[in-house]
Amino acid sequence: MESASQTRIVDITEEGGYERYLHRCLAGPPSRGNKRRIEYLSGAIPNGFHKKLVIFDEDIVGQIEYSPSEVSYYPIHGDDVLVMNCIWVLRRAKGHDFGKLLIANMTKSERAASCFATIGLENHWSPWFRKWQMEKLGFRSLESVNVEHRTKCEGRTFSIHLMWMPAAENANLPTWDQRKLLEGITSCIAHPLYHPQSYKPREIFEKC
Numbered sequence: 001m002e003s004a005s006q007t008r009i010v011d012i013t014e015e016g017g018y019e020r021y022l023h024r025c026l027a028g029p030p031s032r033g034n035k036r037r038i039e040y041l042s043g044a045i046p047n048g049f050h051k052k053l054v055i056f057d058e059d060i061v062g063q064i065e066y067s068p069s070e071v072s073y074y075p076i077h078g079d080d081v082l083v084m085n086c087i088w089v090l091r092r093a094k095g096h097d098f099g100k101l102l103i104a105n106m107t108k109s110e111r112a113a114s115c116f117a118t119i120g121l122e123n124h125w126s127p128w129f130r131k132w133q134m135e136k137l138g139f140r141s142l143e144s145v146n147v148e149h150r151t152k153c154e155g156r157t158f159s160i161h162l163m164w165m166p167a168a169e170n171a172n173l174p175t176w177d178q179r180k181l182l183e184g185i186t187s188c189i190a191h192p193l194y195h196p197q198s199y200k201p202r203e204i205f206e207k208c
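Mapping the sequence shown onto my numbering, position 3 (from 1) lands on 3, and the numbers just tick up by one.
Please keep in mind that the hints were generated in silico from the structure rather than gathered at the bench. You may find that some hints are simply not true.
[To be verified] Straight-line alpha carbon distances no greater than 20 Å define the calculated PhoX-like cross-link-like pairs of lysine-lysine that follow:
no.	residue 1	residue 2
1	136	108
2	100	136
3	152	207
4	180	200
5	200	35
6	207	180
7	152	200
8	136	94
Please put together the full structure from these sequences, using the hints given.
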């Protein structure tokens with residue numbers, strides 16, 4: 001791991017100068033025109049949402065988003081559950097354990113959380129949110145659902161896993177609403193489970 005003088009983490013929900021990154025993923029297009037992203041952030045930030053960037057030699061190379069389950073864009077529920085909406089480190093920064101650094105920062109910042117939860121994907125065509133990546137960061141699968149996308153890769157089944165990482169000995173397991181999950185994600189256009197505004201049906205995935 002690099003020294004503190006070379007690496008720093010910035011919470012852009014609290015520190016100015018990086019506001020444009022609230023509306024975009026480092027590896028995807030800007031989401032500023034996405035009204036549902038704007039609406040989501042307007043309600044989530046006052047209620048515990050955080051987005052942080054990892055900066056290495058003044059180069060932004062990674063990000064993490066998380067929030068209490070009540071304002072997560074995943075339908076994950078539970079007592080004192082902190083949900084990681086997103087984590088990503090650019091390929092050019094591979095090998096520095098920046099993903100683990102972001103996780104450590106999140107867990108240290110959110111000591112009141114009884115556990116952390118997120119999703120992991122298997123057999124999805126996107127390189128993001130893969131189950132093995134989440135396992136490498138310390139999460140493990142509690143359960144999964146097999147689905148198909150209604151408009152992409154017809155006939156290809158993939159799995160969405162509910163991933164969990166306890167922070168307290170008596171932590172209750174998080175739960176999720178699988179029916180709501182089939183509606184996809186509306187507040188991040190780069191997300192593998194994104195439901196575009198142009199697709200009008202309520203559910204963009206179907207169970208297999």
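| request: Taking the numbered hints from earlier one at a time, note which ones the structure violates and give those numbers from smallest to largest. | output: Violated hints: none; all satisfied.
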